[in-house]
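Read top to bottom, the protein sequences are chains A and B.
Residue 133 in the numbering used here sits at position 133 of the first sequence, with consecutive numbering throughout.
Numbers in the numbering used here are just positions in the second sequence, counted from 1, shifted up by 1000.
For the record, the hints were derived by calculation from the structure and aren't laboratory data.
Keep in mind that a hint or two might mislead.
[Unchecked claim] On the chain B side, residues computed to face chain A include the following (Cβ under 7 Å): (1) Leu1192; (2) Val1245; (3) Leu1248; (4) Val1249; (5) Gly1252; (6) Ile1255; (7) Thr1259; (8) Ile1260; (9) Arg1268; (10) Leu1269; (11) Val1272; (12) Ile1280; (13) Ile1283.
[Said to hold, decoys possible] Computed Cβ-Cβ distance ranges for the label pairs, DEER-style: (14) A:Arg16 / B:Arg1264: 29 to 39 Å; (15) B:Leu1265 / A:Ser162: 12 to 22 Å; (16) A:Ser81 / B:Ala1195: 10 to 20 Å; (17) B:Thr1036 / A:Asp122: 48 to 58 Å; (18) A:Glu78 / B:Trp1006: 48 to 58 Å; (19) B:Gln1003 / A:Ala5: 56 to 66 Å; (20) B:Leu1265 / A:Val30: 29 to 39 Å; (21) A:Pro71 / B:Ser1194: 25 to 35 Å.
C-beta atoms are modelled at their ideal positions from N, C-alpha and C, and glycine is treated no differently.
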Amino acid sequence: MSRVADIRFLVQHAIRVEMRNKHGIAGLAVFAIAAVYTCYQATGMHAERESWNALAWVVLLFTAFNAVSKPWADDAPEMRSFLLHTVRPQNWLLARIVYYSLMLLALGALIFAAFLLFLGLDPFVGNGIFYFFIGIEATALALASLLAMIQALATRAGGGFSLIAVLGLPLIIPVILVATRYGMDIMKGIAFGDTAHHLLFLATLTGGFTALGYILFPYLWRE
Amino acid sequence: MIQRSWKIGGLALLGYVLCMIFLVPLGPGLLELTDTKTADLVVGVEHQVPVYALTGFGTHWSETPENLTVVLRHGNQLAALPLIEVIDATHALVGMDLPYTVPSKSWDVLVTHPIDGTLLLENGLFLSDRFINEQAAWDNPEISEFLAELPFHFPYQPRIVETIRNLMLHVPMWFTMFLLMGIGFVASIRQLSSANDLNFDAKAEASVQIGLLFGTLGLITGSLWARYTWGAWWVDDPQLNGALVTVLVYAGYLILRATIQDVRLRARLSSVYNLFAFVILIILLMVLPRFSESLHPGKGGNPGFNSYDLDSSLRAVFYPAVLGWMMLGTWMYQIRLKESIVERKLRQLR
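Isolated chain A (complex conformation) (with noise of 0.2 Å):
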């Protein structure tokens, strides 16, 4: 099977296996919903643009945590046994870095959408909207390149969600000081030009990211 097919069949196998049992998306629905209704009432219906975009940041990493804590199938030892003689482990930490890109994408979408329902749209001016969503949408793109990796570490540890908080909160900081930083600027209304470099920094960093566990992940998957 040529590279693309075998990503592609296990990114599909992933989302069959989610759908047959949907609660776990749901739940990761509702957690995000949650959590911004709760900013919602804490910040007394109306929120200045600084804590806007504090919680906006705060509740995608967390929410981005929660996705990557939940229990795979393919974490199962004697299913990775079985994957170990079929998959190439690149393919399928790309598999895994692509499904989770997705799911964060989405959860992005649905945590911006409901902080625009919530919260409202006072701290943006012109086009600011827009080039937050993309802000938001590169920087889930970041966290599910590096979360994967960490996720994958943590389970072969057998450390779980406790571990993947400890060992991924440090070197996720990074995205989140360039995200709050550039979702300050496009609400202070400075030119998306101006600001765009911290975009390039999050897309070198999933760059980056995506290639070191390339490189790595054999050596953390093999018996």
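Position chain B against the provided structure of chain A, taking the given hints into account.
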């Protein structure tokens, strides 16, 4: 023999550095020129002039006070201020004998004295009660400058003052951490390519442990310095956040190691994580601070030292300090490595 001599050399360097840090005096400097809100008659001027108090640091004005000259400067325009009284070695009173119409409100203060040489306080004076006309000009006075022969000293920097000595303690901590984490990075790569030899894993672990120690010391020395110069133990700054997060990432490495029981799996997984951690270290401490503005010395908009301010006296201590701390760090790493290898052998014997 060679092994022992570089360790002795490292200790000798550190001994030299510590002696220099605590024994070398700071050079003279100017602290401030402030309005005393009084007026007085001055020799050579018919009317009363406002009296300003000049405060120096480490100066010797009470010796040959008649040779103390105080000059204001704005662009090419100079103005000599008449001296009223030298109170002691670091305090003097001068008369603000300026025309009512001046070209600028902001002036540099220059003080010349045979023992201290010429001292400069940039924008040291702000005149709020004068009329501004940028065309205003007068003849420059004749100034005799003194070239002083000062003993070996560290440069005086406004606001930083004595804490400049921290340069030899704080900065080498990070350099040593980089070196040790680099050793760990290489060891982790070699561990991944040789699955059955656990020695590289021991190297990576020992280097990260000692590197973390140096990183923590770097955070502590930086925090103490920030308390005295910025007035806060911690400020929100890209360089500082990067340093803290790097230390957290490597703490995660040790936690990851503690979670895994199987030694071979532990060697493999922690090596993978260590490679990630090193890349993050590069991003956080070398790439991200260049993207953003920072208060930290060496960055823009800072009264502290950057590469231009590192004068020869600082270099004479700073470079040996970097080398000495690195040697000490490497030595500590070797001891920790031996210890962990012995521990492993003991466990096998039991």
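Broken hints, numbered, in rising order?
-> none
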